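Student: Chains as they are written, first to last, in our numbering: chain S, 1 to 277; chain W, 1 to 277; chain E, 1 to 277; chain V, 1 to 277.
Keep in mind that the hints were calculated from the coordinates and are not lab data. Mixed in with the good hints there might be a few duds.
[To be verified] No more than 25 Å apart at the CA atoms, straight line, and that leaves these computed lysine-lysine pairs for DSS-like:
(1) S:K11 <-> W:K3
(2) V:K122 <-> S:K122
(3) S:K177 <-> S:K148
(4) E:K26 <-> W:K122
(5) S:K3 <-> W:K11
(6) V:K26 <-> E:K26
[Unchecked claim] Sample of chain E residues lacking proximity to chain W, with all beta carbon distances greater than 10 Å (derived):
(7) A92
(8) K101
(9) L150
(10) D220
(11) P225
(12) D249
Being a predicted model, the structure only gives us computed values, none of them experimental. All C-beta atoms in this analysis are idealised placements derived from N, C-alpha and C, irrespective of residue type, glycine included.
There are 4 protein chains.
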Amino acid sequence: MEKKILLTHCKDAPGLISKITNICYKHQLNIIHNNEFVDNTSGHFFMRTELHGYFNDKILLDELDQALPQGVSRQLVGPNQKRIVIMVTKEAHCLGDILMKSYDGSLNVDIAAVVSNYDTLKGLTEKFDIPYHCVSHIGLDREEHEAKMLEIIDMYNADYLVLAKYMRVLTPTFVEKYHHKIINIHHSFLPAFIGAKPYQQAYDRGVKIIGATAHFVTNDLDEGPIIKQDVIPVDHNFNAQDMSQAGRDVEKNVLSKALNKVINDHVFVFRNKTVIL
Amino acid sequence: MEKKILLTHCKDAPGLISKITNICYKHQLNIIHNNEFVDNTSGHFFMRTELHGYFNDKILLDELDQALPQGVSRQLVGPNQKRIVIMVTKEAHCLGDILMKSYDGSLNVDIAAVVSNYDTLKGLTEKFDIPYHCVSHIGLDREEHEAKMLEIIDMYNADYLVLAKYMRVLTPTFVEKYHHKIINIHHSFLPAFIGAKPYQQAYDRGVKIIGATAHFVTNDLDEGPIIKQDVIPVDHNFNAQDMSQAGRDVEKNVLSKALNKVINDHVFVFRNKTVIL
Amino acid sequence: MEKKILLTHCKDAPGLISKITNICYKHQLNIIHNNEFVDNTSGHFFMRTELHGYFNDKILLDELDQALPQGVSRQLVGPNQKRIVIMVTKEAHCLGDILMKSYDGSLNVDIAAVVSNYDTLKGLTEKFDIPYHCVSHIGLDREEHEAKMLEIIDMYNADYLVLAKYMRVLTPTFVEKYHHKIINIHHSFLPAFIGAKPYQQAYDRGVKIIGATAHFVTNDLDEGPIIKQDVIPVDHNFNAQDMSQAGRDVEKNVLSKALNKVINDHVFVFRNKTVIL
Amino acid sequence: MEKKILLTHCKDAPGLISKITNICYKHQLNIIHNNEFVDNTSGHFFMRTELHGYFNDKILLDELDQALPQGVSRQLVGPNQKRIVIMVTKEAHCLGDILMKSYDGSLNVDIAAVVSNYDTLKGLTEKFDIPYHCVSHIGLDREEHEAKMLEIIDMYNADYLVLAKYMRVLTPTFVEKYHHKIINIHHSFLPAFIGAKPYQQAYDRGVKIIGATAHFVTNDLDEGPIIKQDVIPVDHNFNAQDMSQAGRDVEKNVLSKALNKVINDHVFVFRNKTVIL
Chain S
1 MEKKILLTHC KDAPGLISKI TNICYKHQLN IIHNNEFVDN TSGHFFMRTE LHGYFNDKIL
61 LDELDQALPQ GVSRQLVGPN QKRIVIMVTK EAHCLGDILM KSYDGSLNVD IAAVVSNYDT
121 LKGLTEKFDI PYHCVSHIGL DREEHEAKML EIIDMYNADY LVLAKYMRVL TPTFVEKYHH
181 KIINIHHSFL PAFIGAKPYQ QAYDRGVKII GATAHFVTND LDEGPIIKQD VIPVDHNFNA
241 QDMSQAGRDV EKNVLSKALN KVINDHVFVF RNKTVIL
Chain W
1 MEKKILLTHC KDAPGLISKI TNICYKHQLN IIHNNEFVDN TSGHFFMRTE LHGYFNDKIL
61 LDELDQALPQ GVSRQLVGPN QKRIVIMVTK EAHCLGDILM KSYDGSLNVD IAAVVSNYDT
121 LKGLTEKFDI PYHCVSHIGL DREEHEAKML EIIDMYNADY LVLAKYMRVL TPTFVEKYHH
181 KIINIHHSFL PAFIGAKPYQ QAYDRGVKII GATAHFVTND LDEGPIIKQD VIPVDHNFNA
241 QDMSQAGRDV EKNVLSKALN KVINDHVFVF RNKTVIL
Chain E
1 MEKKILLTHC KDAPGLISKI TNICYKHQLN IIHNNEFVDN TSGHFFMRTE LHGYFNDKIL
61 LDELDQALPQ GVSRQLVGPN QKRIVIMVTK EAHCLGDILM KSYDGSLNVD IAAVVSNYDT
121 LKGLTEKFDI PYHCVSHIGL DREEHEAKML EIIDMYNADY LVLAKYMRVL TPTFVEKYHH
181 KIINIHHSFL PAFIGAKPYQ QAYDRGVKII GATAHFVTND LDEGPIIKQD VIPVDHNFNA
241 QDMSQAGRDV EKNVLSKALN KVINDHVFVF RNKTVIL
Chain V
1 MEKKILLTHC KDAPGLISKI TNICYKHQLN IIHNNEFVDN TSGHFFMRTE LHGYFNDKIL
61 LDELDQALPQ GVSRQLVGPN QKRIVIMVTK EAHCLGDILM KSYDGSLNVD IAAVVSNYDT
121 LKGLTEKFDI PYHCVSHIGL DREEHEAKML EIIDMYNADY LVLAKYMRVL TPTFVEKYHH
181 KIINIHHSFL PAFIGAKPYQ QAYDRGVKII GATAHFVTND LDEGPIIKQD VIPVDHNFNA
241 QDMSQAGRDV EKNVLSKALN KVINDHVFVF RNKTVIL
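Sequences are here, hints too, so could you generate the full structure?
Tutor: This is the structure in structure tokens:
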């Protein structure tokens, strides 16, 4: 007996839940959890079904294809641990939290490697027996640097790339290659404070909350589908540096919560938004 | 075409979602929202299905009864506005919030009457053209007082009684009569600070958060099924009275959110807990 | 014996707390609360001192002027209730919350009048025996409309104008006249979603939090000094209208908390920020 | 030039702020931050003053003793890093967070050693080059075990002991020895769910929030002065184990925030409460 997750996304139509659950029932698969959502604005249907039983994947998927509207996207995902490569620059807190959570079992993920343009976090990474690759950007143009990074990253055949405070903007070539597979943590409650130095921007504006946003990376800077956001209160006592310090906990919490949803197959990306079931 | 909500609760068994949604599909009822939950600890299944179409209630329910395990509880709820009677003592904020939300359409409820042991809130209630009944408890024992209260309350044939800071404990007789139909707001994050003067208890203990709990009333004081809880931070600057003042917003927000869930048929009561779908 | 609040703001210099509290001590004024803040970036000093005793205002302020750096701003504020005029368009929740909080004593404020470009909220306002003035903007250009509004507003000699979902942009003439005396509630966590229809913008962007911002109005739309912000979580289930409905509670809570700080003389405005002591 | 913190606590009396800041001013000490609190219920005065300049500690303290009421508690604390010993059982998340925050500079603390009754966390601790002592309790009575623990702990001359999910109750002898020097994280929003298995208790009660409490340890189990509390929402989908997993982040955040306040000398303990300035 196995546990698998069936992810279904198609145009809405009458009887979808009935048809899908019927097929599962006929296959004697037990539904452990079922979550569905119909986006009435766009007329799209999303369903995440946790199943338990003996699977005949091909027959199951064929029957679904026949029963569901044309153009259905359906996927049967096994319980395999996802493999990630983490990209960082110099800050330790997001990387450290993922390392710790993987270490103590809070995050069911295989960290294949950490890649950076600095060697600052080599020591921390290697404490956890994970390969660390430093590819300095000095003397390289953006394309050359990315090509060298990708040479390493591609090697690991990762399911997702996690930008855990990687402070360089990626080129369209890079982003295309890992379409909807790159998760970034931005240190503001987007769409406020897009771009560089969001804490300085927040300080200058005099906001009373600061936050963090985990999102998939697209070619539009800080405009990709948002997975998770959270905020903390600040006040006049906080200068930009205090905000940056206080923001560390919310950044790492938001990133690891987003990652947890993604690697456990709860997240659909639809247009420029996420549906999290 | 009508909108109705099907609430199903039974022992878990294979194929329940499939069976229920099949029957709906055969009746050409469109599922707008569907939420289900299986409590694996107890082996119970709960489902809330928002349906749209032409209903033949009797046939639909008969078919469900045949398809589902024995002892199923299923209910088809129409879109009728729920009718409530509000019980208060002297504090205005919870009553005021419900009156305002009913007035501006945020809360889809018919406030049949307000009943109190004081006349303090008569003026406020009558601003909104709602009958106010004052039944003083002075000179009466608890049973006599409640009997007089019930004489009035029963008259209104309410779906729910809302204790919006009604500061007297109800007798088992009263509670039995409105079994799982009485919603209370308690001014602490239960189970902390059961009983009288929770803010004074919170101050004495030196807690750094205070809160409020909306729950169904049972015979065990402050022990009924919890519907909604929330908290706010406090610190050493707050004495018991400051806490009481600061707590007003969280009390009223928690109560009106709980009420909103209940009157829109999102809440199952199972044993001493709620399942909110 | 009286209670007054001394508000001091000047360039930072050695010994300020000592000098100010010495003068208070010499006047036999007891300090109930004292809060100070030094903005190290700008080198400015802010202090709010709650005093109790017999006041000789003129001598006290003269001695402070002599002791403190040139250009000091100091103010001795009595315990008088502040007078406000509320401006609204059609939405009831923010107005309703202020009316209720004034009614039950949670907000110590004298609501002199409500002014609107529609008569929608006349009924609600008059329930609380407060004058309501409807000045329709139909057929008038912006300046003409504001002139007619101001004719009424000026009459009430208000300490503050509260824009409780007043949906028109004010001209510089209007804003100048009530410099740092106009408090607005904007239905987003500024600086995200400036301008019209912030909930629609939030929905289109797919954010996972929505919020509200209370700020002083300046000539730059939605750019004035922020007093208070708060947020609530949302998800894919919320369309723009659901967000708007869910946002009501956070809007009204943020506005009434901001107003409470302002009318109790906790708020300094400095450049484009607030210091709240 | 040095930075020191003056902590003053005494019975309230007229002119205290004036007297203390005068003496600092005479010593040409610049006040960077000043926070004071008067507990009107008990008539006690608390002040935390961050000073910068050349210090003559003895003269300064003597002058304060003369100026202030009898029985004053005043302390001049240098900028030295505090030294802690961490006690753990088997769970990694709280220990891991403190190790990471110390490593990346978020928490300015010297972790002298980790002491446990199991060797589970030896590997993690030693990654960060910190001594780990395992003192098994097997075959020992409580007093014998604690005596062996204390032999090691005492050796490190720690300012504070941090119980980062140390799951054994300490004897009065142990607690007395480190009076107000032991910080514990309890995995509930105290006073709810005192004692063992708070997440199971929370699950059984059906609460809609769970939380964590950092407090000083006293002889009354889970009754010591509370430093910090926070909560997260849960619902019917969480069984006791899910709550325990979800609670990890709030536990570690609450503990490290409390620790940060304590080691930076923001926390006064007064009777059974904390005043945090």
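Student: For E:A92, which was marked as not at the interface, is the minimum beta-carbon distance to chain W over 10 Å?
Tutor: Incorrect as stated: the minimum Cβ-Cβ distance to chain W is 4 Å, not above 10 Å.
Student: Find the nearest Cβ of chain W to the Cβ of E:K101 and say whether that gap is larger than 10 Å.
Tutor: Violated, because the least Cβ-Cβ distance between E:K101 and chain W comes to about 8 Å, which does not exceed 10 Å.
Student: Compare the distance between the alpha carbons of E:K26 and W:K122 with 25 Å, and conclude whether the hinted pair is satisfied.
Tutor: Outside the cut-off at roughly 51 Å; violated.
Student: Just checking, E:P225 versus chain W, shortest CB gap more than 10 Å?
Tutor: The claim holds: E:P225 sits with its nearest Cβ about 23 Å from chain W, beyond 10 Å.
Student: Is E:D249 truly not at the interface, in the sense that its beta carbon sits beyond 10 Å from all beta carbons of chain W?
Tutor: violated, 6 Å
Student: Given the hint that S:K3 pairs with W:K11, does the C-alpha gap stay at or below 25 Å?
Tutor: holds, 22 Å
Student: For S:K177 and S:K148, compute the direct alpha-carbon distance and say whether it is at most 25 Å.
Tutor: holds, 14 Å
Student: Taking 25 Å as the top limit, are the C-alpha atoms of S:K11 and W:K3 close enough?
Tutor: holds, 22 Å
Student: Check whether the Cα positions of V:K122 and S:K122 lie no farther apart than 25 Å.
Tutor: holds, 22 Å
Student: With 10 Å as the threshold, tell me whether E:D220 passes as away from chain W on beta-carbon distances.
Tutor: At about 31 Å from chain W, E:D220 clears the 10 Å cut-off, so the statement holds.
Student: Beyond 10 Å on every Cβ pair: is that true for E:L150 relative to chain W?
Tutor: At roughly 28 Å from the nearest Cβ of chain W, E:L150 sits farther out than 10 Å, so the non-interface label holds.
Student: Can you confirm whether the C-alpha distance between V:K26 and E:K26 stays at or below 25 Å?
Tutor: holds, 18 Å
When held up to the earlier numbered hints, the structure conflicts with 4, 7, 8 and 12 and fits the remainder.
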